[in-house]
Amino acid sequence: MQEPLPVTIAGADLPRSPRSCADLFWSFTWLALQGFGGVLAVVQRELVEKKRWLTREQFVEDWAVAQIMPGPNVVNLSLMIGSRHFGLRGALAALAGMLCAPLLVVLLLAVLYGQVADHPAAAGALRGMGAVAAGLVTATGIKLMAALGQNAMGLAICIALAALTFVAIALLHWPLIGVLAGIGGGACLWAYRVLGRETRA
Amino acid sequence: MSMAPTLANWIDLFIHFATLSLLAVGGAITTAPDMHRYLVTQQGWLSDAQFNASIALSQAAPGPNVLFVALVGWNLGLNAGGGPAAGWPAWGLALLGVGVTMVATLLPSSVLTYIATRWAQRNRELRAVRAFKTGMAPIVIALLVATGWLLSAAHDQPSRDWPLWLLTAVSTLLVWRTRIHLLWLLGAGALLGALGLA
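As you go down the protein sequences, you meet chains S and C in turn.
12 is the number of the first residue of the first sequence in the numbering used here; add one for each residue after it.
147 is the number of the first residue of the second sequence in the numbering used here; add one for each residue after it.
In short, the hints are calculated from the structure, not lab data.
The C-beta atom is built at its ideal place from N, Cα and C for all residues, glycine as well.
Among the hints, erroneous ones may be present.
What the hints assert, rightly or not - Partial list, derived from the structure: chain C residues whose beta carbon lies under 10 angstroms from chain S: (1) 207; (2) 246; (3) 260; (4) 266; (5) 269; (6) 273; (7) 276; (8) 284; (9) 311; (10) 336.
Same shape as in the complex, but just chain S:
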């Protein structure tokens, strides 16, 4: 299970850490304000690719936990990342960063809404941004697929599980909770078996 860490020049691929709670707060504020149509794609880009607070594999694991817990996924994710580095203070700093500035923006929008909503250019701009946002989410999923190469279940099983999930959600419109319990539960049981076999071997 334990893969050797990739050795690179000057430790370029080693994970780094946020410097302080203020660093957490401003980092999450900055990425939340970029997150039109959802923040997840930006979290992946900023925290995994740029700041390297998480590896791709850690990000996928955290995201799985954030998704299965009740509550908004990216809010859960910010709590988890913040608490890992600075405990409760870090969790609150990350959470506040994720919510405060966007809350002000959205309330301002609500006040202005009456004036701009009927304008066709405003509606068009929203549609255009929505189409780009759909691309961001898809590309994030595609990039994270590389993390499955290190999965203990093996690539073939992972691809089969991912394909099943995609069909169930995107094409058959099954409720998420059923998919997580059914396909996800089965996958966890299978992983439990595989991991047990490895420790014995």
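Fit chain C to the known structure of chain S by using the hints.
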């Protein structure tokens, strides 16, 4: 079409949203249908148009999608205070609405997530914890791709919507293969949309 600004109403609201918080597996937006049932159909505290505008606006704004709850609270408070025309008392109640709905939505789920993930972090070598993370990885990655698919599939008329699909496909490729800043892409999308090209 408004709630009376009584304490009992606010407590009802808090309890209802706090309950939904613990049921919101898969994201805050999954609770929207039940919020609609409670606020619009059952209590009549919010109009249908106000509820839908709250969701649309929060999708258009940056930040987590859960902010639609803040807008729902904002509109509830405004209604309770007699609408924007009533002036400062209405704005005050609107802010109270934001506070009550957001705290109720975030507090229970966040406390649970905090405690559970601290536990999982301390026990990360446990076979069950590793099995959970290993097993769920392909599922959550597929969910992302499915979300992108569903966002595009909302535009379902090929003759009219092909420019939007093209825009989605191009931005997928650019985000996947290049390190271009996401804000440039969003800005380009907004511009193309505003000019009527997408």
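A closest beta-carbon separation below 10 angstroms is what the hint needs, so does residue 273(C) meet it against chain S? holds, 5 angstroms
With chain S as the partner, please determine if residue 336(C) meets the hint condition of a C-beta pair closer than 10 angstroms. holds, 4 angstroms
Just to be careful: measuring from the Cβ of residue 269(C) to every Cβ in chain S, is the smallest value less than 10 angstroms? Not OK, violated: residue 269(C) not within 10 angstroms of chain S, min 13 angstroms.
Once the shortest beta carbon distance from residue 276(C) to chain S is found, is it less than 10 angstroms? holds, 6 angstroms
Hint validity - residue 207(C) Cβ closer than 10 angstroms to any chain S Cβ: holds, 4 angstroms
Please check whether residue 311(C) passes as an interface residue: C-beta within 10 angstroms of a C-beta belonging to chain S. holds, 8 angstroms
Please check whether residue 260(C) passes as an interface residue: C-beta within 10 angstroms of a C-beta belonging to chain S. holds, 6 angstroms
Does the interface hint hold: is residue 284(C) within less than 10 angstroms of chain S, judged Cβ to Cβ? Result: holds, 4 angstroms to nearest chain S Cβ.
Measuring from the C-beta of residue 266(C) to each C-beta in chain S, is the shortest one below 10 angstroms? holds, 7 angstroms
Hint check: is the beta carbon of residue 246(C) less than 10 angstroms from a beta carbon of chain S? violated, 14 angstroms
Hint violations for this structure: numbers 2, 5, all remaining hints satisfied.
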